[in-house]
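> These protein sequence lines are chains A and B, in that order. Numbered by UniProt numbering, the letters in the first sequence go through residues 1 to 109 in order. Numbered by UniProt numbering, the letters in the second sequence go through residues 1 to 139 in order.
Mixed in with the good hints there might be a few duds.
To be verified - Here are the simulated lysine-lysine pairs, DSS-like style, with alpha carbons at most 30 Å apart: (1) K96(B) x K70(A); (2) K86(B) x K72(A); (3) K86(B) x K70(A); (4) K72(A) x K96(B).
Worth flagging that the hints you see were computed from the coordinates, not collected in a lab. On a predicted model such as this, the values are computed, not experimentally measured, just so you know.
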Amino acid sequence: MPTERELAISPIVQESVQHNTRVVSNIRSLTASLFGVASGILGLESYAGFAFYLIGTFFVSVLIWAFLAKGKQGEYFQGPLSELWAGDVLGGGMSFVLTWTLFYGLVRA
Amino acid sequence: MNLTNMPSYLSRPLTFLGLLLLSHACYSAYEHSTLLTISPQSSSLKPTATFSLPPSASLPLDISLETILSVIMICAGLVVGAEELKPITWRAWAGKVERENGGVGPFQGLEDRLGFVDIRAKRKEFADWVRDQDSDGKR
Numbered sequence: 001m002p003t004e005r006e007l008a009i010s011p012i013v014q015e016s017v018q019h020n021t022r023v024v025s026n027i028r029s030l031t032a033s034l035f036g037v038a039s040g041i042l043g044l045e046s047y048a049g050f051a052f053y054l055i056g057t058f059f060v061s062v063l064i065w066a067f068l069a070k071g072k073q074g075e076y077f078q079g080p081l082s083e084l085w086a087g088d089v090l091g092g093g094m095s096f097v098l099t100w101t102l103f104y105g106l107v108r109a
Numbered sequence: 001m002n003l004t005n006m007p008s009y010l011s012r013p014l015t016f017l018g019l020l021l022l023s024h025a026c027y028s029a030y031e032h033s034t035l036l037t038i039s040p041q042s043s044s045l046k047p048t049a050t051f052s053l054p055p056s057a058s059l060p061l062d063i064s065l066e067t068i069l070s071v072i073m074i075c076a077g078l079v080v081g082a083e084e085l086k087p088i089t090w091r092a093w094a095g096k097v098e099r100e101n102g103g104v105g106p107f108q109g110l111e112d113r114l115g116f117v118d119i120r121a122k123r124k125e126f127a128d129w130v131r132d133q134d135s136d137g138k139r
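This is chain B alone, in the form it adopts within the complex (with noise of 0.2 Å):
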């Protein structure tokens, strides 16, 4: 499968997915900047193993990992969600509207003028209508 056609209903769930993560991120790294700020006087608790950590210890590498992975998710996700571009030249916009539309485009008004009728069908099609109203009249 092609990369850059990936179905657009992957967007919310792919989005919903990395705000979870996001927020757990936030929330692991909450919790261990308060670990770094308590300290063995103040806590009430007296720890059975004595662990020290630097005081300038930085964000474990899975909480960093988790955020940027999130944050590429949501990212794709919303990209993925947004709504289509719409071409800016008038040719390919207005190609675009007419095979979107069944052959009605912005030009439909020029192709509507007199000199374009298709006089054959039109008399075709009301000889046509004729005979379906005398087959009706005789039954």
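Next up, chain A with everything else stripped away, as it sits in the complex (with noise of 0.2 Å):
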């Protein structure tokens, strides 16, 4: 975290890192269930499919990376480890299962 006199030489616009974590947060919760609805197509199990969902949330840091950052993640983000690498990985995790077991029922009847 930056210091308090950090701050006041350069001073943190809020709405634009709210808007930041938005579109990160939108982003990841779109993709995954996208990938639950891949992993129970191609029928993953157990560590497979976590393994899977990781290497896909990874994949999606990097474009947000690429895409959108520009590769200048620190001019975008506070602690880009926590807001864009690793910002809701949790919370997707819970819509990943849900497709994942639905998907997996779905093609395997």
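Join the two chains, each given in its own frame, into one complex according to the hints.
Laid out in structure tokens, this is it:
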């Protein structure tokens, strides 16, 4: 976290921080259920499914980093590690498991 | 063309195509799994050629590849089509706003104070206006 002095020298626009967090969490929740669909179709089980989710999440993070942040993650995120690379991973995991089990059951009825 | 400058109008078609591929892959996987459950005895049709798939036959490679490709396409489409991020430091953000609004930024209130008024420009403006009025009156 930046110190009080750094914040006084270069203030943070809270509105932009919230906007960026919202954009990332929108993408996360959409792609999490998408990965659930995919791993259900592929018929992944137990650890393989979670590994698929983590790899997919990392891939989406790289996409956001390249396309939206243009490689300058410090300019758009206060803590890039927690807001971009690990942001909403656990929250998206719930919707991942939901669609994973649904599509696994649908395809292998 | 730089890959990271992909135009955002590509996002919708890319996502749509990805969804199409994904639903096709899903249906293919479903068909493949029903194929495994049908045994020649239970089927009313007599198969001309007996084929036997092992019961643990995994998904064909083309369906797996189609699924993964479609997921990659949808992800790229979603990310490219998302709203732009805003810079969080005040100076970067204010500069961006000022450039986009043609010189009117969040600091306009400070720049409009009396000490910053360009008095010569205002005087010239007024003189021009008076001259205009005069010439209009004579005509």
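> Next, verify each hint and record whether it holds.
Results for each hint:
no.	hint	verdict
1	K96(B) x K70(A)	holds (16 Å)
2	K86(B) x K72(A)	holds (12 Å)
3	K86(B) x K70(A)	holds (12 Å)
4	K72(A) x K96(B)	holds (15 Å)
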